[in-house]
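> Chains as they are written, first to last, in my numbering: chain A, 112 to 752; chain B, 232 to 376.
Just so you know, the hints here were simulated from the structure itself, not pulled from any lab data.
What you are looking at is a predicted structure, and each value in this text was computed from that prediction instead of being measured.
Hints should not be assumed to be uniformly reliable.
Quick list of in silico lysine to any residue cross-link-like pairs, SDA-like style, CA-CA up to 25 Å [stated by the list, open to error]: (1) A:Lys445 to A:Phe423; (2) B:Lys236 to A:Asp245; (3) B:Lys236 to A:Phe423; (4) A:Lys711 to A:Thr629; (5) A:Lys633 to A:Glu576; (6) B:Lys236 to A:Asp181; (7) B:Lys236 to A:Asp168; (8) B:Lys343 to A:Asp204.
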Amino acid sequence: MRAFRDQPIRRKLLLIIMVTSSVVLLLAGIAIIAYDSEIYRTSVRDDLDALARIVADNTTAALTFESPQDAQETLASLRARPSLVQACIYSVDSRVFARYARPGGPSQCPPVEPDSEIVTAGSLLLFRPIVLGDTRLGTLYFQYDLAPVLAARLRLYSGIVGGITLGALLVALVLSSRLRRLISDPIVGLAERARAVSQTKDYGIRAEKQTQDEVGSLVDAFNEMLANIQSRDSELRQARDELEIRVQERTAELRQSEERFRAVAETANDAIISANREGNIIHWNAGAERAFGYSAAEAVGQPLTLIMPERFHVAHRQGFGRYLTTREAHIVGKTVELTGLRKDGTEFPLDLSLASWKIEEGIFFTAVIRDITDRRQAEEALKRQTAELARSNADLEQFAYVASHDLQEPLRMVTSFMQLLERRYRGKLDAEADEFIGFAVDGATRMKQLISDLLTYSRVSTSPEEPAPSDCETVLLNVLTNLGLTLQESGAVVTHDPLPTVEANYSQMVQLMQNLVTNAIKFRSSQPPQIHISVLRVRTEWVFSVSDNGIGISLEHRERIFVIFQRLHDRMSYPGTGIGLAICKKIVERHGGRIWVESKPGQGSTFFFTLPAEPPEPGKEGNLAYSHDRTTTTTNPTAAH
Amino acid sequence: MNFTKFVEWPASSFSAPDAPITICILGDDPFGPALDRMVESENVNGRPIGTRRSVPEADPQGCHVMFISRSERTGMEQIVSRLRNSSVLTVSEVPGFVDAGGMIEFVIEEGKVRFHINVAAAQAAGLTLSARLVRVATSVRGPQP
Numbered sequence: 112m113r114a115f116r117d118q119p120i121r122r123k124l125l126l127i128i129m130v131t132s133s134v135v136l137l138l139a140g141i142a143i144i145a146y147d148s149e150i151y152r153t154s155v156r157d158d159l160d161a162l163a164r165i166v167a168d169n170t171t172a173a174l175t176f177e178s179p180q181d182a183q184e185t186l187a188s189l190r191a192r193p194s195l196v197q198a199c200i201y202s203v204d205s206r207v208f209a210r211y212a213r214p215g216g217p218s219q220c221p222p223v224e225p226d227s228e229i230v231t232a233g234s235l236l237l238f239r240p241i242v243l244g245d246t247r248l249g250t251l252y253f254q255y256d257l258a259p260v261l262a263a264r265l266r267l268y269s270g271i272v273g274g275i276t277l278g279a280l281l282v283a284l285v286l287s288s289r290l291r292r293l294i295s296d297p298i299v300g301l302a303e304r305a306r307a308v309s310q311t312k313d314y315g316i317r318a319e320k321q322t323q324d325e326v327g328s329l330v331d332a333f334n335e336m337l338a339n340i341q342s343r344d345s346e347l348r349q350a351r352d353e354l355e356i357r358v359q360e361r362t363a364e365l366r367q368s369e370e371r372f373r374a375v376a377e378t379a380n381d382a383i384i385s386a387n388r389e390g391n392i393i394h395w396n397a398g399a400e401r402a403f404g405y406s407a408a409e410a411v412g413q414p415l416t417l418i419m420p421e422r423f424h425v426a427h428r429q430g431f432g433r434y435l436t437t438r439e440a441h442i443v444g445k446t447v448e449l450t451g452l453r454k455d456g457t458e459f460p461l462d463l464s465l466a467s468w469k470i471e472e473g474i475f476f477t478a479v480i481r482d483i484t485d486r487r488q489a490e491e492a493l494k495r496q497t498a499e500l501a502r503s504n505a506d507l508e509q510f511a512y513v514a515s516h517d518l519q520e521p522l523r524m525v526t527s528f529m530q531l532l533e534r535r536y537r538g539k540l541d542a543e544a545d546e547f548i549g550f551a552v553d554g555a556t557r558m559k560q561l562i563s564d565l566l567t568y569s570r571v572s573t574s575p576e577e578p579a580p581s582d583c584e585t586v587l588l589n590v591l592t593n594l595g596l597t598l599q600e601s602g603a604v605v606t607h608d609p610l611p612t613v614e615a616n617y618s619q620m621v622q623l624m625q626n627l628v629t630n631a632i633k634f635r636s637s638q639p640p641q642i643h644i645s646v647l648r649v650r651t652e653w654v655f656s657v658s659d660n661g662i663g664i665s666l667e668h669r670e671r672i673f674v675i676f677q678r679l680h681d682r683m684s685y686p687g688t689g690i691g692l693a694i695c696k697k698i699v700e701r702h703g704g705r706i707w708v709e710s711k712p713g714q715g716s717t718f719f720f721t722l723p724a725e726p727p728e729p730g731k732e733g734n735l736a737y738s739h740d741r742t743t744t745t746t747n748p749t750a751a752h
Numbered sequence: 232m233n234f235t236k237f238v239e240w241p242a243s244s245f246s247a248p249d250a251p252i253t254i255c256i257l258g259d260d261p262f263g264p265a266l267d268r269m270v271e272s273e274n275v276n277g278r279p280i281g282t283r284r285s286v287p288e289a290d291p292q293g294c295h296v297m298f299i300s301r302s303e304r305t306g307m308e309q310i311v312s313r314l315r316n317s318s319v320l321t322v323s324e325v326p327g328f329v330d331a332g333g334m335i336e337f338v339i340e341e342g343k344v345r346f347h348i349n350v351a352a353a354q355a356a357g358l359t360l361s362a363r364l365v366r367v368a369t370s371v372r373g374p375q376p
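All chains should be built: construct the whole structure from the sequences, respecting the hints.
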């Protein structure tokens, strides 16, 4: 069966057709033979029946008159039938009355049986009654040999059927070899196309549709499948090409970036060192060579402890192991200051940024290390200079204080005697002398004022008063009381927001606020002064503002006004020594704040100063870098209400 | 009695198709009631069989078979000649009956009943004897079938 299954369809069809027609013909032949033998048997039986009736009839008298010879003679005439093997006549009492056997036939009659016909293999046995009128006289028995005739007929019919079968097979062979092409040719064609496709991988091949039957559908399905494969194949090819291009691009990018990184790493001033998870150096750039003195050849493969002073080795190993097992980072991802060890044994401070990166090969570390020896030195120099500056500043202030204090005594003497001279000799000398004396008195008076202001200025930094919680409402009340007469004269109106309590030197706060209010009144316009004091909390500081409707200050003068003894106007228009705002600046800065002004000429000015909302930390005084955004520190008094 | 089955009478011998075949016994009855019992249930071609005894010799009317007993041995030839034209089957056990113009003569051979037939006599009387009967007969006079 397996061999049949592997046969080509062409042969399979032929075989099926041949086997089917053979079987059909054989069955038909067998049916015909069977039918014929049955017909033959029936005819033989009918024939024998007739013969039996004649014989029985002819033996009635013999039986009636018990004349076996006569019956014997009658039976002997059966010789004409060579196929009749034996004939017997039994009397009514079952005795054998007469008997005939063909030469070579059986020697004895079988026991009598009821009337019947028995067909055995090749034989027909007939028991028939012998009747005269209504009287049964006996039984006639025939044994007829069918076999020779049947065999002869079988041979004949087999020959005929065989011949017909053979002829039919030949016809079927001829017919089917033409007809089977109808089925096998399209299939074989399809199979050849399929083989061609699988061999050439050319999915553009199409099978030709010749019929509209199942094979036709198969061809359609095959073609559709090929079309699908073709489109998918081309998509795949396109995707592969695109992928290839992308891989090339990526490779190029990667190479570029690697080269860029290498160039950066090699040309960087900083030392760039990479290590693997064992803590051994795998990359060592030129910067590292310069910083540590080891060449790349010397350093690569060495443990990182090579470039650390021995006292840090244990901590390094612990930190490294901890990171590898728990990923708990103390240094990774940060910049820290550490100490490095050069090849020559000297140590130096360094800034180290450490990153870890993980790829298929495992975890790696890269450190960017900068020798900060120079920076350290610069920092230390700066610190020294700052200290020196502070010292010289203090000296200068001490000098100013001492000078102004000590200058007061001789100045007072000059002033006193100049005033005495004026009182006693006015009109006694000439008019010119009077004018000179007047100049001298005026100069002495101004000098006295100058020294007094200078003393006030220097006292700001030397005040022994400690900062304490100071209520700015009280401060302002104090100021308004002090300025009572001036306010009355100028018709000024001072308004204010609720003011906070700040940690500050109270008398300096009074001085600060008084100077600013005085300033606002002094530089008033033609209108009566309107002064408003408001405050805003911005993060960790209070932003105070004192706004007026005075003459305003042009942009270029905004810094100058805070410089000591700088005046914008001549003494005639606006009297004063020009020290008030300088004192304000000093007080504010001493409290850790800043002071500035916003103004447009003719539209009034607003002075801002800040004070820390929390008490300033010791040592950080004046160094806090406050970022402030001036647009948020609004000066509009109404906005604060 | 069995002979009746092998003999055909002319149709004129019977009054009806189912009229009985009558067996007449002339002279002493050698059969007795056994004959009556035998024919009682017999039926030959649709005809029953009847018997008549002590038939007057001169009147064979109504007889189809005439058994001539031994007792009539002496007048046998007259009887036969008288019945020659009367379609009556003549049967006897008298030796020489056939020679005397009788139709069937019984003989006992080897303990079996055999018979001689005179076909010519039967034909002359208008009777047909079955060829089968003729074949079984021990001897036959007259033309044979």
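> Decide, hint by hint, whether the structure agrees.
Verification of the supplied hints:
Proposed proximity of Lys445 (chain A) and Phe423 (chain A) is supported: the alpha carbons are some 18 Å apart, at most 25 Å. Taking the CA atoms of Lys236 (chain B) and Asp245 (chain A), the gap is about 10 Å. The hint holds against a cut of 25 Å. Among the hinted pairs, Lys236 (chain B) with Phe423 (chain A) is inconsistent with the structure: their alpha-carbon atoms are about 157 Å apart, more than 25 Å. Under the criterion of a C-alpha separation no larger than 25 Å, the hint pairing Lys711 (chain A) with Thr629 (chain A) is consistent with the structure, at around 19 Å.
With a C-alpha separation of about 29 Å, the suggested pair Lys633 (chain A) and Glu576 (chain A) falls outside the 25 Å cut-off, and the hint is violated. A hinted pair counts as satisfied when its Cα atoms are at most 25 Å apart, and Lys236 (chain B) with Asp181 (chain A) qualifies at roughly 18 Å. For the hint pairing Lys236 (chain B) with Asp168 (chain A), the CA-to-CA distance comes to about 12 Å; that is within 25 Å, so the pair holds. Between Lys343 (chain B) and Asp204 (chain A), the direct Cα distance comes to roughly 17 Å. Compliance with the 25 Å bound is thereby established for this hinted pair.
Violation of the numbered hints given earlier is confined to hints 3, 5; the remaining hints are satisfied by the structure.
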